[in-house]
Amino acid sequence: MSNLLEQASQRVIEINKAMSEIEKFEDIISAGRDAEIAFADKGNTKYITVLSPEKMQELKDTVLVAIINSKNEKDAELERLLGIDKRKPAVINPEFEKAVQEMEQQKKPDPVED
1 MSNLLEQASQ
11 RVIEINKAMS
21 EIEKFEDIIS
31 AGRDAEIAFA
41 DKGNTKYITV
51 LSPEKMQELK
61 DTVLVAIINS
71 KNEKDAELER
81 LLGIDKRKPA
91 VINPEFEKAV
101 QEMEQQKKPD
111 PVED
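Residue numbering for the sequence shown follows this note's numbering, starting at 1 and increasing by one per position.
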């Protein structure tokens with residue numbers, strides 16, 4: 001019984017850690033949408049002003065995409081910890097699907113006319 005409790009406690013710790021990390025990602029993503037790109041070192045911040053607005057936007061988009069992708073990985077980890085199974089829908093051959101639908105139509109009895 002105590003092993004089961006230890007496992008449950010460990011799972012709660014893992015879930016709380018994942019939740020905390022996801023919240024941090026969401027805060028950074030939210031702040032990053034309207035932020036400027038800068039370098040920070042030992043309390044000094046240098047804003048990048050030498051690039052064109054287009055290059056700055058491209059750089060910001062690249063950083064945000066990387067952060068969003070990392071957040072999505074953490075979301076998947078949390079789903080796994082919670083036992084959420086997000087299976088992808090099966091890809092069905094369109095010709096096979098059409099043949100199955102035709103067979104289903106053939107099985108249906110003709111409507112009775114009065």
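Derived by calculation from the structure, the hints in this document are not laboratory data. Don't take every hint at face value.
When the alpha-carbon atoms are kept at most 30 Å apart in a straight line, the in silico DSS-like pairs for lysine-lysine are as follows [unchecked claim]:
#, residue 1, residue 2
1, K55, K86
2, K60, K74
3, K55, K42
4, K60, K46
5, K60, K17
6, K55, K17
7, K86, K98
8, K71, K46
9, K74, K86
10, K86, K24
11, K24, K42
12, K17, K74
13, K24, K74
14, K98, K55
15, K55, K71
16, K71, K24
17, K71, K98
18, K17, K42
19, K71, K60
20, K46, K24
21, K17, K86
22, K74, K98
23, K24, K60
24, K42, K71
Status of the hints after comparison with the structure:
1. Note on K55 and K86: the hinted pairing is violated, with a Cα-Cα distance of about 37 Å set against a maximum of 30 Å.
2. Only pairs whose Cα atoms come within 30 Å are accepted, and K60 paired with K74 is accepted, the gap being roughly 21 Å.
3. At roughly 26 Å between alpha-carbon atoms, K55 and K42 fall within 30 Å of each other, so this suggested pair holds.
4. The suggested pairing of K60 with K46 holds, with an alpha-carbon distance near 15 Å, which does not exceed 30 Å.
5. Taking the CA atoms of K60 and K17, the gap is near 27 Å; set against the 30 Å cutoff, the hint holds.
6. Taking the CA atoms of K55 and K17, the gap is near 35 Å; set against the 30 Å cutoff, the hint is violated.
7. A distance of roughly 26 Å separates the Cα atoms of K86 and K98; the hinted pair therefore holds under the 30 Å criterion.
8. For a cut-off of 30 Å, the pair hint linking K71 to K46 stands: about 27 Å separates their Cα positions.
9. Restraint check: the Cα-Cα separation between K74 and K86 comes to about 14 Å, which is no more than 30 Å; the hinted pair holds.
10. Between K86 and K24 the alpha-carbon distance is near 24 Å, which keeps this suggested pair within the 30 Å criterion.
11. Among the hinted pairs, K24 with K42 is consistent with the structure: their alpha-carbon atoms are about 22 Å apart, no more than 30 Å.
12. As the CA atoms of K17 and K74 are separated by approximately 10 Å, the hinted pair is consistent with the 30 Å bound.
13. Annotation: proposed proximity of K24 to K74 holds, straight-line Cα distance about 11 Å (limit 30 Å).
14. At roughly 49 Å between alpha-carbon atoms, K98 and K55 are farther apart than 30 Å, so this suggested pair is violated.
15. The suggested pairing of K55 with K71 holds, with an alpha-carbon distance near 24 Å, which does not exceed 30 Å.
16. Distance check on the hinted pair: K71 and K24 sit about 9 Å apart at the alpha-carbon level, within 30 Å; holds.
17. Proposed proximity of K71 and K98 is contradicted: the alpha carbons are some 39 Å apart, above 30 Å.
18. Proposed proximity of K17 and K42 is supported: the alpha carbons are some 28 Å apart, at most 30 Å.
19. About 16 Å separates the Cα atoms of K71 and K60, which keeps this hinted pair within 30 Å; it holds.
20. A threshold of 30 Å between alpha carbons decides the hint, and for K46 with K24 the separation of about 23 Å falls inside it, so the pair holds.
21. The hinted pair formed by K17 and K86 meets the criterion: a straight-line CA distance of about 21 Å does not exceed 30 Å.
22. Taking the CA atoms of K74 and K98, the gap is about 39 Å. The hint is violated against a cut of 30 Å.
23. Taking the CA atoms of K24 and K60, the gap is about 18 Å. The hint holds against a cut of 30 Å.
24. Of the supplied pair hints, the one linking K42 and K71 holds, its CA atoms being roughly 27 Å apart against a limit of 30 Å.
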